[in-house]
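Chains A and B, in that order, give the protein sequences.
Here the first sequence stands for residues 1 to 451, where the numbers follow this note's numbering.
Here the second sequence stands for residues 452 to 656, where the numbers follow this note's numbering.
Treat the hints as calculated values from the structure; they're not laboratory data.
Please read all numbers here as calculations on a predicted model, not as lab measurements.
Ideal placement from N, C-alpha and C gives every residue a C-beta, glycine not left out.
Careful, some of the hints might be misleading.
What the hints assert, rightly or not - Estimated spans, in silico, between C-beta atoms of each pair:
#, chain 1, residue 1, chain 2, residue 2, range
1, A, 362, B, 496, 36 to 46 Å
2, B, 588, A, 326, 49 to 59 Å
3, A, 143, B, 503, 55 to 65 Å
4, B, 617, A, 396, 30 to 40 Å
5, A, 200, B, 481, 28 to 38 Å
6, B, 592, A, 396, 51 to 61 Å
7, A, 239, B, 452, 47 to 57 Å
8, A, 156, B, 526, 25 to 35 Å
9, B, 596, A, 362, 45 to 55 Å
10, A, 149, B, 543, 55 to 65 Å
11, A, 287, B, 569, 30 to 40 Å
12, B, 493, A, 382, 54 to 64 Å
13, B, 452, A, 326, 38 to 48 Å
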Amino acid sequence: MRFLGGLRRGGKRRVVVVGLDGVPYSFVNRMIGESVFSHLGRLFGDGSWKRMNSVLPTVSSVAWSSFMTGKNPGKHNIYGFQDRRPRTYDTYIPLSTDMKSDTLWEVIGRTGRRVGVMNVPVTYPPREVNGFLVGCFLSPDLNKATYPRQLARKLSELGYRIDVDPWKGREKDKTPFLDDLNEVLSRRAATMFYLMEHEEWDFFMTHFMGTDRINHFLWEQMELGEGPYAAAFLDYYRKIDEMIAGLVSRLDGRTTLAVLSDHGFCTLKKEVYINHWLVDGGWLVFDNQNEQSIKEIDERSRAFSLDPGRIYVNLRGREPKGSVAPGDEYERVRAELAEGLAELTDPDSGEQMIEKVVKREEIYFGDSFDAAPDLIAVPRRGYDLKGALNRPELTHKGELVGMHTFEDAFLFIRGEEITRDEFSIVDVMPTVLSLLRVPIPSDVDGRSLVD
Amino acid sequence: MAKGFTVWFTGLPCSGKTTVSQIVEKEIRATGRNVEVLDGDVVRTNLSKGLGFSKEDRDTNIKRIAFVCKLLTRNGAATIAAAISPYRAIRDHARMEIGNFVEVYVRCPVEVCEQRDVKGMYKKARAGEIQGFTGIDDPYEEPLAPEVVVDTDKEAPGESAQKVMAKLRELGYLGEGETAEGGEGVYTKEEEEKVKERLTNLGYL
């Protein structure tokens, strides 16, 4: 078989990246052992694979933005699936147009190499590339999701779908949801193989969102090893394993394969409504009793929160109804909030719910630092910190039974040695550039993991 | 060529014209457009150097600004003018002259402006050291039908700037979703709702 030939000297190097959203290192390790990942087990023996840290806040839009830019959010400007417009209480969905950095494929493309990119979060609207790009699940419509535009027609013919219907995940009967997941996966794989064969490329990446989707709704059943869909959950991952095997069989010796996830996963014990806590403590005040939007904030408010665990001080001169004076008062408010959050306990078990609270200057730096939350609360395993308003209790468990973890993502590179044990998702971009022998831009935060 | 236009900020001294216009400038620039700014304070150090604050000199100053705005606008630039421009008649002249004209009334009670008094001008005017100071002993004629009114005593500068940006989109001077790459539309209102619903469903909002 061709792929066993190793890197052919002199030939133009190519790289293929597979992104598996929200698949933990620990889970892959276990499933290799239990032969769910039988192909991956063999593949991962031919190279190096290690646990990887994600980003804070640990959410896919931020993690993949850090992946594709090699930078911290203070530089790329993506801090969540929702953000507030600077100096207002208006919220918006950050998109590729808000990302203030070149991406991996833009840097590669500028060297004359051709790129193909499918579905990576925060690539809508599609920015121009030297090759083609299919936008992520934030695309409202396939016809608007592609660069070049006419590619959308081919994708329609191939039955390509951007994402599953998440409504189905909330139904009690999960069969339609699972059917949908499987359908989207096989279409994506078929489209990927088609494009790899019919297009020219030096770099190709496909992102799979279905893994994160199934984890959110069925992770608990898998962990418990019981429940009507525990087996179907593993069957889905067997399909992922087969898809990667199919991909490997199509690669030649000059192509390096990397597989990564953007964050880990664990069973969600409870959602924790930070704004409920803020209201309770008098930190957050609304003009009326039935608040639906942060816009209705009263000027007595000193802080508010957005998903997940992002806390903003209502700062005078920055927020329209800011009440906290910059300087000493701002620091005092942050210190008090951090202390209060650290002491927050599960009303039922008494267990501590927040691992630590980080100040923004401890982890973010760059031109977009001003947009950063003032504090980031990092939850203990199982406690998902939410920004929802108007929740009657501090904690609740809903239909979502899985949540993200920071420290349990992974990276695999075939035929290479990953040289460090402690690294994070910002290191992947310079690593891929190294594999392609493309110079790493000087403003990238990450460092290459290969020699 | 993109459609040129002029955003004309008018209001009392220290009402926030420069502050808001600078944010608008940045926002428009981020859409990939070429932007030129004629700020009253800056203009008086070059284009209108030597002119005083008599009615005649003020009118000459505004006419010069309007003339440059016209040239820029017809060449596709996004043009921003920020000047007290207290007299209605001369603002209307600018409107006629320029054509694609978006008047922004930067409204703020004179007491609040006086408190801000960035350059100590109100103090001097109160002390009688400056004569003909708009808002103190010279009139400011409010616009009757400005395209945008921003209340800088109540809104944050960013909020005011967003109002201006929304109007520019509404009037078709900026694309609904004009992007830094000059590329495709981002979201229509309906699409944004659809995506928000999806994110809510997935527990991300």
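Verification of the supplied hints:
The beta-carbon spacing between residue 362 of chain A and residue 496 of chain B, approximately 44 Å, falls within the hinted interval of 36 to 46 Å. Residue 588 of chain B and residue 326 of chain A have their C-beta atoms about 36 Å apart, which leaves the hinted 49 to 59 Å range violated. A C-beta distance of roughly 60 Å is found between residue 143 of chain A and residue 503 of chain B, which places it inside the suggested range of 55 to 65 Å. Checked against the given bound of 30 to 40 Å, the beta carbons of residue 617 of chain B and residue 396 of chain A, roughly 36 Å apart, stay inside it.
Judged by the Cβ atoms, the range 28 to 38 Å given for residue 200 of chain A and residue 481 of chain B holds: they are separated by roughly 33 Å. For residue 592 of chain B paired with residue 396 of chain A, a C-beta distance near 58 Å keeps the hint of 51 to 61 Å intact. A C-beta distance of roughly 52 Å is found between residue 239 of chain A and residue 452 of chain B, which places it inside the suggested range of 47 to 57 Å. A hinted range of 25 to 35 Å is violated for the C-beta pair residue 156 of chain A and residue 526 of chain B, which are about 41 Å apart.
As the Cβ distance of residue 596 of chain B to residue 362 of chain A is approximately 51 Å, the hint placing it in 45 to 55 Å holds. Separation of residue 149 of chain A from residue 543 of chain B is about 44 Å and departs from the stated range, judged on CB atoms against 55 to 65 Å. A beta carbon spacing of about 32 Å between residue 287 of chain A and residue 569 of chain B agrees with the range 30 to 40 Å that was offered as a hint. In this structure, residue 493 of chain B and residue 382 of chain A meet the distance hint of 54 to 64 Å, their C-beta atoms being roughly 58 Å apart.
Checked against the hint of 38 to 48 Å, the pair residue 452 of chain B and residue 326 of chain A passes, with Cβ atoms roughly 44 Å apart.
Comparing the model with each earlier hint shows violations of hints 2, 8 and 10; every other hint is respected.
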